[in-house]
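From first to last, the protein sequence lines are chains A and L.
FYI, our numbering numbers position 381 of the first sequence as 381, with every residue one higher than the one before it.
FYI, our numbering numbers position 136 of the second sequence as 554, with every residue one higher than the one before it.
These are calculated hints, taken from the structure and not from any lab test.
Keep in mind that a hint or two might mislead.
Computed list of chain L residues with no C-beta within reach of chain A, every gap over 12 Å [to be verified]: (1) H474; (2) P493; (3) A606; (4) D750; (5) R773.
Derived pair list, reagent style DSSO-like, types lysine-lysine, alpha-carbon separation capped at 30 Å [what the hints assert, rightly or not]: (6) K626(L) - K4(A); (7) K100(A) - K527(L); (8) K422(L) - K102(A); (9) K721(L) - K245(A); (10) K520(L) - K245(A); (11) K518(L) - K102(A); (12) K695(L) - K100(A); (13) K12(A) - K743(L); (14) K109(A) - K743(L); (15) K102(A) - K520(L); (16) K277(A) - K527(L); (17) K12(A) - K626(L); (18) K527(L) - K325(A); (19) K518(L) - K109(A); (20) K100(A) - K663(L); (21) K430(L) - K109(A); (22) K721(L) - K100(A); (23) K325(A) - K430(L); (24) K90(A) - K527(L); (25) K245(A) - K695(L); (26) K102(A) - K663(L); (27) K508(L) - K100(A); (28) K520(L) - K90(A); (29) K422(L) - K208(A); (30) K518(L) - K90(A); (31) K109(A) - K422(L); (32) K430(L) - K208(A).
Stretches of chain A that chain L covers, calculated by requiring three or more beta carbons in the stretch to come under 8 Å of a beta carbon on chain L [to be verified]: (33) 264 to 276; (34) 374 to 385.
C-beta: ideal position from N, C-alpha, C; glycine also.
Protein chains: 2
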Amino acid sequence: MDIKTYIYETGKRARNAARIMARAETDIKNAALEKTASIILDRQQALLDANQIDMHTATEGGLNMALLDRLELTPERIDAMADGLRQVAKLEDPIGNMTKLKQQPSGIKVAQMRVPLGVVGIIYESRPNVTADAAGLCLKSGNATILRGGSESINSNLAIAACIHEGLVAAGLPADAVQVIETTDRQAVGELLRLSEFVDVIVPRGGKNLIERVSSEARMPVIKHLDGICHVYIDDLANLEMAVKIAYNAKTQRYGTCNTMECLLVAEAVAKTVLEKLGPMFEQAHVEIRGCEKSRKLLPGIKAATEEDYRTEYLAPIMSLRIVKNIDEAMDHIEVYGSHHTDCIVTEDQQRARRFLREVDSSSVMVNASTRFADGYEYGLGAEVGISTDKFHARGPVGLEGLTSQKYVVIGDGQIRQ
Amino acid sequence: MDIKTYIYETGKRARNAARIMARAETDIKNAALEKTASIILDRQQALLDANQIDMHTATEGGLNMALLDRLELTPERIDAMADGLRQVAKLEDPIGNMTKLKQQPSGIKVAQMRVPLGVVGIIYESRPNVTADAAGLCLKSGNATILRGGSESINSNLAIAACIHEGLVAAGLPADAVQVIETTDRQAVGELLRLSEFVDVIVPRGGKNLIERVSSEARMPVIKHLDGICHVYIDDLANLEMAVKIAYNAKTQRYGTCNTMECLLVAEAVAKTVLEKLGPMFEQAHVEIRGCEKSRKLLPGIKAATEEDYRTEYLAPIMSLRIVKNIDEAMDHIEVYGSHHTDCIVTEDQQRARRFLREVDSSSVMVNASTRFADGYEYGLGAEVGISTDKFHARGPVGLEGLTSQKYVVIGDGQIRQ
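The task is simple: from the sequences and hints, build the whole structure.
This is the structure we're talking about:
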């Protein structure tokens, strides 16, 4: 079978499975998740063996250490995968929920009912645990899934998929509800992105190149995450001790994550006090600061920030710094240079807090908390298939609800239109 | 200024206006709507004069009667436009609403806040009242709007836009919050569809050609409405008198609307009784029926339906008809041939009604009511910018809420991540 036909057939099977998944009862879906979790634990050795083949090929191919680490399965990671599926089983099932039921003047009752999106395509790189995580969320939200992992993790992914298939079938659900694309040929991605007939949404997870390719080629909606250029603004009415703690945590708790602070904005009136504390702390943590002219007078050792710096997601121990007049200048900076991901104000002033929350146009807007909290688990969503920086449909961490939609339901007793 | 620059500047101004609109208070937005309504009424003669120029050019250009009728402004239509704006002023403002506020184990409080999408581009044909309707909904939902009407209605649209600008300014809002593109050059549409930097969503309203062009060229999300191939399924457990009334109304109340029934499905067991009544009624209404083989035995006068018929949105006094075994066969037919717009079951059986509501994957699913109710006004949304047949973001009639999104709001008191 050629690749075009293979992907078409995969999509068609997914669509058929999606109809069954859409009407599956909650306990059946939960049984599939629980059974898959048990099978994954039982099959630990087989998963490690499959992963060893991938690790071997990747090492030979010269994959770098960071990527090798992401690729590796360990007994702990396998436990975590199973545990993740059990957590998803415990989440409330959004499907079938009716809201806003209201009788209209004509006598019809109108409500909105939450329904699955249908077929979710997920294109990801390296980490094989995404196979189980993403499949679990899609399964619980009544969708069928087509997973396309990185070629370096193909054996691991197929071994995990085999566990999921058994779990689905044991619960009486179709194995086709979760399909892993079995070829590593890159043409498969292109074919998948054109398959709008059968695929309702694509979620790319990986580096910027992947996301840009998917966004430009996909003929269906994409839930995507571009840059995370996150800001902390320390207001002159902030609790400065708290502000220092939050800014330091937002930058240093982890460097490579999308919700890490990349730019610190400080109100002029408190800049001296704040930077006298934060400067040495960042220096000790080996964080390179690139600052505006004013800030360089307070922290003479630091580099000058360029325009480009303010537009950069470093994902590294580097940050930019700007002293601003007030909340307005801070919000203007965020609007111009930010990526609408996560931005925080530290202030004790309720009115400014409210203004920031309402006016800053980002998927997560925070008052007095580290930007590192922008995360599905921390928000109580249980897990996330990704964080969306788009405004359309799902915004911010995308959990079960982001994989659903609402349709209108009308219940009448014979009403006709006059 | 060339057209590319003109559209770019229009987009940039809209983005700036959008920031102001996003934080505008409800009473200010309502004042702008009320003032615009008054100005439209005061300016009746000027609007009629501008419309006369368009009507004259269109008549000379040989526009057909139906389109001329859509283009024409009358005193009654001007009253309706003003009234529509006042109705929108009365709708609840969705912006700023916080939902799902919940404290997480870390101590942070997480909620979702409803916010505008930003800049909404609307591309429409002929009917000048869309200028006021769409602008009103966008204004109330805190968005800025760029409107591109048909070239045949340019003078009418600009005259209406002038009223809106005065209304906005009188209320202290920026005139740029509603901009009508002043050139009729078709290049302007292409430029607008590429302007993803400033335009957050495009809503095309018009014929299939327009919608297909917009869908394929737009670099931003599109809220669109494709076919309305709506079904009524008469179950064997239906109240047959009610079923006949609903099917007749769904087809004949208006022929040219997207929520008109295009295909009737009847359960075998009741087909004879139902068609003996409905056949003559449709005949008398001059509705041409194209039926399956079985139905042609019961209604010998009718034409045979082809595969193509079942996939056709007639928008005319023509309909297809198929006798099916049961609800399963009906739902299969709807899945294969339908357009996921609006589908109805007539049945007295609660369980079948629930199955149909849950399993039929359409933006509106109905029990015992005419498909003609699928409409923003009938659903209590007040008005609609369109009906979406997509599953992503807004589904079904798109009112104020469909022009908004939800962001996450996090309120802490100094929490950092461990």
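Checked hints:
1. H474: Given that every Cβ of chain A is farther than 12 Å from that of H474(L), nearest at about 36 Å, it holds.
2. P493: The claim holds: P493(L) sits with its nearest Cβ about 24 Å from chain A, beyond 12 Å.
3. A606: Label holds. Min Cβ-Cβ 23 Å, cutoff 12 Å.
4. D750: violated (9 Å)
5. R773: violated (8 Å)
6. K626(L) - K4(A): holds (28 Å)
7. K100(A) - K527(L): holds (25 Å)
8. K422(L) - K102(A): violated (47 Å)
9. K721(L) - K245(A): violated (78 Å)
10. K520(L) - K245(A): holds (24 Å)
11. K518(L) - K102(A): Holds: K518(L) and K102(A) sit about 21 Å apart, inside 30 Å.
12. K695(L) - K100(A): Violated: K695(L) and K100(A) sit about 37 Å apart, past 30 Å.
13. K12(A) - K743(L): holds (25 Å)
14. K109(A) - K743(L): holds (29 Å)
15. K102(A) - K520(L): holds (26 Å)
16. K277(A) - K527(L): holds (28 Å)
17. K12(A) - K626(L): holds (26 Å)
18. K527(L) - K325(A): Judged against 30 Å, a Cα distance of about 29 Å means the pair holds.
19. K518(L) - K109(A): holds (25 Å)
20. K100(A) - K663(L): Cα-Cα ~28 Å, so holds.
21. K430(L) - K109(A): violated (43 Å)
22. K721(L) - K100(A): With a Cα-Cα distance of about 43 Å, the restraint between K721(L) and K100(A) is violated, given a limit of 30 Å.
23. K325(A) - K430(L): holds (25 Å)
24. K90(A) - K527(L): holds (22 Å)
25. K245(A) - K695(L): violated (77 Å)
26. K102(A) - K663(L): holds (24 Å)
27. K508(L) - K100(A): This hinted pair holds, its Cα atoms lying about 19 Å apart.
28. K520(L) - K90(A): holds (18 Å)
29. K422(L) - K208(A): Judged against 30 Å, a Cα distance of about 29 Å means the pair holds.
30. K518(L) - K90(A): Distance of about 19 Å is within 30 Å: holds.
31. K109(A) - K422(L): With Cα atoms ~48 Å apart, K109(A) and K422(L) exceed 30 Å; violated.
32. K430(L) - K208(A): holds (26 Å)
33. 264 to 276: That given contact is violated, which follows from only 0 residues of the region 264 to 276 of chain A lying within Cβ reach (below 8 Å) of chain L.
34. 374 to 385: It holds, with 4 qualifying residues against the three required.
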